[in-house]
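Asker: Sequence:
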Amino acid sequence: MEKLDDGSDGGRADGASGRDRARQWVVLVSAVAALVVSTVGSGALGGTPIDEAAGGALSATATLVAPAGPAFAIWGVVYAGLLALAAWQLLAARPQDPRQRAVGWWLAASMLLNAAWVAVVQAGSVALSVLVIAALVAVLGVVLARLSRTAPRGWLEALVVDGTAGLYLGWVLVATVADVAAWLAQAGVGGLGLGESAWAVVVLVAAAATGVAICRGTGRLAPALSLAWGLAWISVGRAQGQDSSAPVVVVAALASVAVVVAGVAARRRGERSRSRGPGRAG
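Under the numbering used here, residue 979 is the last one in the sequence shown; the count climbs by one each step, no gaps.
For the record, the hints were derived by calculation from the structure and aren't laboratory data.
Have a look at the derived ranges for each label pair, beta carbon to beta carbon:
#1 G851 / G752: 46 to 54 Å
#2 V839 / P944: 29 to 37 Å
#3 V902 / R846: 23 to 31 Å
#4 A903 / A936: 18 to 26 Å
#5 V834 / D940: 24 to 32 Å
#6 V774 / S941: 24 to 32 Å
#7 R850 / A820: 35 to 43 Å
#8 A741 / A789: 26 to 34 Å
#9 G752 / A777: 27 to 35 Å
Just so you know, these numbers come straight off a predicted model, no measurement behind them.
Idealized CB from N, CA, C, for every residue including glycine.
Turn these sequences into a full structure, and let the hints guide you.
Answerer: If you want it as structure tokens, here you go:
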């Protein structure tokens, strides 16, 4: 009978199964699909840019928790990491590697959900985009949790696999905050009785608390870096213009620093744990 955790469904000399081979190619195809759909969504190939789609609901000035425009450059790093990960797991990693068996299908699902999110926003449905991005956060949470059970075999795997997954999750948390705020604003309940600035502060504190919890739970720094990047650009975006907000500027900046501190502390704890014996990946 096939074991759920080893992916074996047939014998090969190298221990790899047909399912292993299929998983490798699905991850690669999913990474390419995500990049292509994102490129179209950026407007590079004639599509409507995300910040103009859905009536501009996700533009850099749509809500008080929308990051300033330059923040989105991190998507280039994330997509480059996903492509590198897809190539690495196909060319360099053993098909039967337990870590890749544990996360490969989940990674593919995350990239397809990413593409689905772009498509949904292009179609103008902000409400549906919230559901899709919530599913994406959940899937990436599973990926990082599974990766954290064992250490990578070397620095390249740590960078390409663990680092990419961490950056991906941290940035998607920022995108989720902006997405939910855009949906509430579009529905006419952006302040939820608290006032827009007060609600933005609540959301930022919740995002920072989530980031700290992820860092502490996984011993990772990468999620903190991308989350802090997004929070910092929210602070910058609200520092001037008609959508400026002093409380948001201060809280977003403090949240950014708090997340980085938590990430560094978690990473150091992980390093100390590994120095004493088998532990989680950093």
